[in-house]
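Chains A and B, in that order, give the protein sequences. Going by our numbering, the first sequence opens with residue 590, and the numbers climb by one from there. Going by our numbering, the second sequence opens with residue 149, and the numbers climb by one from there.
Hints in this document: simulated from the structure, not taken from any laboratory. All values reported here derive from a predicted model rather than from experimental measurement. Some clues are possibly wrong.
Just so you have them, the derived chain B footprint on chain A, three or more residues with Cβ under 8 Å [as the list claims (entries may be wrong)]:
hint, stretch
1, 886-893
2, 915-925
3, 1060-1072
4, 1156-1166
Where is the CB? At the ideal position from N, CA and C, for every residue including glycine.
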Amino acid sequence: MSEETTADTRPEPEPIDDVVIRFAGDSGDGMQLAGTRFTASSALFGNDLATFPNFPAEIRAPAGTLAGVSAFQVHIADWDILTPGDSPDCLVAMNPAALKANIGDVVKGGLVIVNSDAFDERNLHKAGYETNPLEDGSLESYHLLTAPMEQLTKEAVQGTGVKGREVLRSKNFFALGLMSWMYQRPLDPVIDWIESKFGDSPVAAANTAALKAGYNYGLTTEAFHHTYSVAPATLPAGEYTNITGNQSLAWGLVAASQAAGLPLFYGSYPITPASSILEALARLRNFGVRTFQAEDEIAGIGTSVGAAFAGHLAATGTSGPGLALKSEALSLALMAELPLIVVDVQRGGPSTGLPTKVEQSDLLFAMYGRHGEAPLPVIAAATPSDAFEVAIEAARIALKYMTPVILLSDGYIANSSEPWRLPDLTRIPDLTVDYASGPNQGDSFLPYLRDPETLARPWAVPGTPGLEHRLGGLEKQDGTGNVSYDPMNHEHMTILREEKIARIANDISPVEVFGDQDADLLVLGWGSTFGAIRAGVNRARKREGKVAHVHLRHINPFPANLGDVLARFETVLVPELNRGQLSRLIRARYLVDAISQSKVQGQPFKATEIAMRIMQLLDGKDERS
Amino acid sequence: MTDTARYTRADFQTDQEVRWCPGCGDYTILASVQNFLAELDVPRENHVFISGIGCSSRFPYYMNTYGMHSIHGRAPAIASGVAAANPDLHVWVITGDGDALSIGGNHLIHALRRNINITILLFNNQIYGLTKGQYSPTSEVGKRTKTSPMGSIDWPFNPVSLALGAEATFVARTIDMDRAHTAEILTAAYEHEGAAFIEIYQNCNVFNDKAFIELTGRETRDANRIYLEHGKPIVFGKEDDKGVIVGPDGAQVVDVADVGIDRIQVHDAKAPEPGVAFALSRLSVGPHGPTPLGIFRDVSRPTYERQLTDQIAQAQDRQGPGDLDELVRSLGTWTVE
Ligand SMILES: Cc1ncc(C[n+]2csc(CCOP(=O)(O)OP(=O)(O)O)c2C)c(N)n1
Ligand code: SF4
Ligand SMILES: [Mg+2]
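Required output: the full structure, derived from the provided sequences and hints.
Following this line, the structure appears as structure tokens:
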């Protein structure tokens, strides 16, 4: 820490276990960056953490309006946390709109830190405030602290060489400095980052000056003397990095390609919130990764189908609208029985819906969104770091069973981050495949002759002498792969394709029941609701309720023991960010009277919401007995 | 891999019964392609034929090479993936006028502009054959079909103009009946590095018979076939008495005697700008009247897959081959004891 901050006679920081902080401002205010840097310092400091960026669909909605508010929430703790927190304990609001859009979420008595310079008549009006909330007593139930951040930033950056509109750009660093003081975060990691990002430039100097000014403002201003400290978490020993879901998914695909000894091909068309997978992979040419930015999603999957035919580990990624476009080609890949990974980073739908918000509403589309009888494996990532392993699992299934696999992630997993204990890379399963190299029946090669166990057909790649064959969408005669319109063959092949996918159930991990094995209530979830459900279940258990939790990675086929597990519980609660899609699958498959807990607000579940529903169910049962 | 392959046409035939209507132009094109491949010294396993959907798109089933009969309109995309994944293969696209220009128009223009090393054979019969005779995006205005009983009101695409507009590096046209010319064009297209586009006029004798009769009929063909030859004045007609001039108003057919041979356009397929080639492609609509056949444009531009492979090599030179251990640490790490 810099010299001027060492001689400290202020009160000791108050130790707290965890805190949820939300940085909010106009989309142009750099709040995502302030939040990310605060997170990085906390990670280096050793806290456990979870983040949740929440930004508008418009890149630049009109400045100062509610539509333009962008927020970044981070939960830091000295214990193992599961979610970015239900409600912020501390809100940083850079303008009236940010205050208005977020204050309702802040816990009563929470800390609200406001950039008072932005509270002029114009901004108040744009945010729809009739009176100034900093003065009209409406914030009485919070602990309000104000700082003229723009004025102080202007003064701080004097002499650094930045001019005009650039001057106020540094105000996010002022806010970050102030928050670093409040929560006793070291400044050095931020300063290092500024240097690596902006080099030796006026912008770097201005950002560093604003950062330090913010910190020192806290240090010297009595109102800010109550500070907090969150001790490092006692996480399992190991080396950690802070990772978002799209980053880890991209790395998982690369890891799978290395484990398979196959080059990775990724054909895709940009779409929120999947684009950053394409961006991450495009940087990895030295891994032999071929990214192909196609003209649309159809070509995204089309090129990937071609690359799969040519023997690559092929993947394509998109969000709901793009999955709709890929549907026809996906059926071709299924019919051609080629390995392919199709990533759907779900967002609010239908149509353009809520493009930057989370939803789990493509599950049934992933299951059934194809013409004809077209079952495919469907698997889902539960957390940002889990996306790494799920990508490898998708590749394993695709290669072993010669089938497309749909991998579901969502906007929450894509952009949120969490500390990830680096896995033992030597323990990634061996995914090596043997291409067909010669005849498989007498002197001839039958492209649809199947492995008796997996029912997979051989993968003969163009360029291999003697194995020339034609794939296609027309129905195949079993074995030869020749076009066949024979009615009995079509039925046979339809059932065979179904059976191939069904057999995967024997080759995936059985579900594990977390929590009270003798509970009456089971909470069954899938995908990104993992953290909220686990935290909600834990809360309910602390209040002496008995609850269990099962979280599905494999949705098609379901793990072999799922039916037996469900049968052990009287009540099954299925929380989902959709209108009850998994619960429908469960009801249909197991005839279990599953209860759906649905939320479609573009926001993740809060742990409290899950805990409350659990308690209601448990209480309800008490009443009945 | 076999280094020197000596093939006959039979080596490229499959055991599948060919199921086009008797008399269909597709048979002729199939024979031309099989004969052409038999004469090449290229191992059979290095050819990949990707098609869409349509009568013409059944083609891969009859070629004893690698192939895929894919989905309607998407063959250029799938072929792009094959070519980008393995630049050692020779990737062919077989497509129809509906397949390539209607449902698949987007993929076609993008494959062309990217200059992916694929050879595209567009079988243009100016009709939807497989679905039994609806008008297509190359059918002429006024054409009466089952879906245009009062005559089509759609302005048609001129496939050569379209390909030139997409800045394809190789654009040619031939006709099913002229097998010698087809062979010549196939050879040039095969040797071209990058996307090669060949429009092949193909007679659908069931739903659009004689669409190209002006170019194939004994009495009219000499007067209507303009063979483009690089470096030569564009003259045609039985006595080479007709010629083409290109001026500010585009291309025009003239009597050579009227203007003198020196004013006749000398064909330059290698011209860097596609403007003159485009003007030539506008000469006939329909095609009615004198129609250019041959190579409109044959220029060189780095192929997509060459550049992709170069980027991979460059990145590996600079950063070393990818190391997963380093990758997962690339955003910074911390250690918990
Ligand atoms: C998605 C989709 N839409 C429509 C069709 C029906 N269809 C098959 S081929 C075809 C048109 C074929 O015309 P063209 O490409 O000119 O080929 P041709 O049969 O004339 O060789 C159509 C409309 C289809 N197979 N798939
Ligand atoms: S319908 Fe026309 S294009 Fe199709 S096979 Fe018959 S003649 Fe050929
Ligand atoms: Mg046609």
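Here is what the structure says about each hint:
no.	hint	verdict
1	886-893	holds (count 5)
2	915-925	holds (count 4)
3	1060-1072	holds (count 6)
4	1156-1166	violated (count 0)
Checked against the numbered hints above, the structure breaks only hint 4 and satisfies the rest.
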